[in-house]
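**Q** No gaps in the numbering here: position 43 of the sequence shown is 406 in the numbering used here, and each next residue is one more.
Careful: at least some of the hints might be erroneous.
[As the list claims (entries may be wrong)] Below, a list of computed lysine-lysine pairs in the DSS-like style, where the Cα atoms sit at most 30 Å apart:
hint, residue 1, residue 2
1, Lys394, Lys427
2, Lys379, Lys427
3, Lys440, Lys373
4, Lys379, Lys425
5, Lys427, Lys397
6, Lys373, Lys426
7, Lys440, Lys397
8, Lys432, Lys381
9, Lys432, Lys379
10, Lys373, Lys394
11, Lys432, Lys397
12, Lys386, Lys432
13, Lys427, Lys440
14, Lys426, Lys379
15, Lys373, Lys425
16, Lys397, Lys426
17, Lys432, Lys373
[Stated by the list, open to error] Here are the in silico distance ranges between beta carbons for each label pair:
hint, residue 1, residue 2, range
18, Trp430, Lys381, 17 to 23 Å
19, Tyr420, His383, 29 to 35 Å
20, Trp430, Lys386, 14 to 20 Å
21, Leu387, Leu429, 22 to 28 Å
22, Asp380, Gln434, 15 to 21 Å
Simulated from the structure, these hints should not be mistaken for laboratory data. On a predicted model such as this, the values are computed, not experimentally measured, just so you know. Cβ coordinates follow ideal geometry from the N, Cα and C atoms, glycine included.
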Amino acid sequence: MNIERHSLAKELPEFKDKIHELKLSDGHFSKLFKDYHEVDNEVIRIEDGVEHSSDEYLESLKKKRLWLKDQLYSILKGAD
Numbered sequence: 364m365n366i367e368r369h370s371l372a373k374e375l376p377e378f379k380d381k382i383h384e385l386k387l388s389d390g391h392f393s394k395l396f397k398d399y400h401e402v403d404n405e406v407i408r409i410e411d412g413v414e415h416s417s418d419e420y421l422e423s424l425k426k427k428r429l430w431l432k433d434q435l436y437s438i439l440k441g442a443d
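Work out the full structure: start from the sequences and follow the hints.
**A** Right, here's the structure in full:
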């Protein structure tokens, strides 16, 4: 199965340049960005059947991914 990735550049294309800039200049943003992609990759591995987990764990990962995306979006909006 081919699961769609939720990369920030794809999810928030209007912030593509700002994402790149903040990854290099803001340590907090960079950490959140790294965490977001680690969680997204884990969700994809589970949904692809590469890793196994409970439904509850998968849902908790999806909630964490959304929380991280919200945090990153708030930083991006504030950086305008």
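**Q** Take the hints in turn and mark each one as holding or not.
**A** Checked hints:
1. Taking the CA atoms of lysine 394 and lysine 427, the gap is near 14 Å; set against the 30 Å cutoff, the hint holds.
2. Of the pairs offered as hints, the one joining lysine 379 and lysine 427 holds, with about 22 Å between alpha carbons and a cut-off of 30 Å not exceeded.
3. With a C-alpha separation of about 16 Å, the suggested pairing of lysine 440 with lysine 373 holds against the 30 Å cut-off.
4. The suggested pairing of lysine 379 with lysine 425 holds, with an alpha-carbon distance near 22 Å, which does not exceed 30 Å.
5. Proximity of lysine 427 to lysine 397 is assessed by CA-CA distance (about 13 Å); at most 30 Å being required, the pair is judged to hold.
6. A hinted pair counts as satisfied when its Cα atoms are at most 30 Å apart, and lysine 373 with lysine 426 qualifies at roughly 19 Å.
7. Distance restraint check for lysine 440 and lysine 397: the Cα-Cα separation of roughly 19 Å lies within the 30 Å cut-off, and the hinted pair is therefore satisfied.
8. Of the pairs offered as hints, the one joining lysine 432 and lysine 381 holds, with about 14 Å between alpha carbons and a cut-off of 30 Å not exceeded.
9. Restraint check for lysine 432 and lysine 379: the C-alpha separation of about 14 Å stays at or below 30 Å, so the hint holds.
10. This hinted pair checks out: lysine 373 and lysine 394 have alpha carbons roughly 19 Å apart, not beyond 30 Å.
11. Between lysine 432 and lysine 397 the CA atoms are separated by roughly 11 Å; this keeps the pair inside 30 Å, and the hint holds.
12. With a CA separation close to 14 Å, the supplied pair lysine 386 and lysine 432 stays within the 30 Å bound.
13. For a cut-off of 30 Å, the pair hint linking lysine 427 to lysine 440 stands: about 20 Å separates their Cα positions.
14. With a C-alpha separation of about 23 Å, the suggested pair lysine 426 and lysine 379 falls inside the 30 Å cut-off, and the hint holds.
15. Between lysine 373 and lysine 425 the alpha-carbon distance is near 17 Å, which keeps this suggested pair within the 30 Å criterion.
16. Restraint check for lysine 397 and lysine 426: the C-alpha separation of about 16 Å stays at or below 30 Å, so the hint holds.
17. Restraint check for lysine 432 and lysine 373: the C-alpha separation of about 12 Å stays at or below 30 Å, so the hint holds.
18. Here the CB-CB span from tryptophan 430 to lysine 381 is close to 20 Å, well matched to the stated 17 to 23 Å.
19. A beta carbon spacing of about 32 Å between tyrosine 420 and histidine 383 agrees with the range 29 to 35 Å that was offered as a hint.
20. Distance hint for tryptophan 430 and lysine 386: a CB-CB separation of about 19 Å, consistent with the stated range 14 to 20 Å.
21. For leucine 387 and leucine 429, the Cβ-Cβ distance of about 25 Å falls inside the hinted range of 22 to 28 Å, so the restraint holds.
22. The supplied range of 15 to 21 Å is met by aspartate 380 and glutamine 434, whose beta-carbon atoms lie about 19 Å from each other.
In summary, this structure violates none of the numbered hints.
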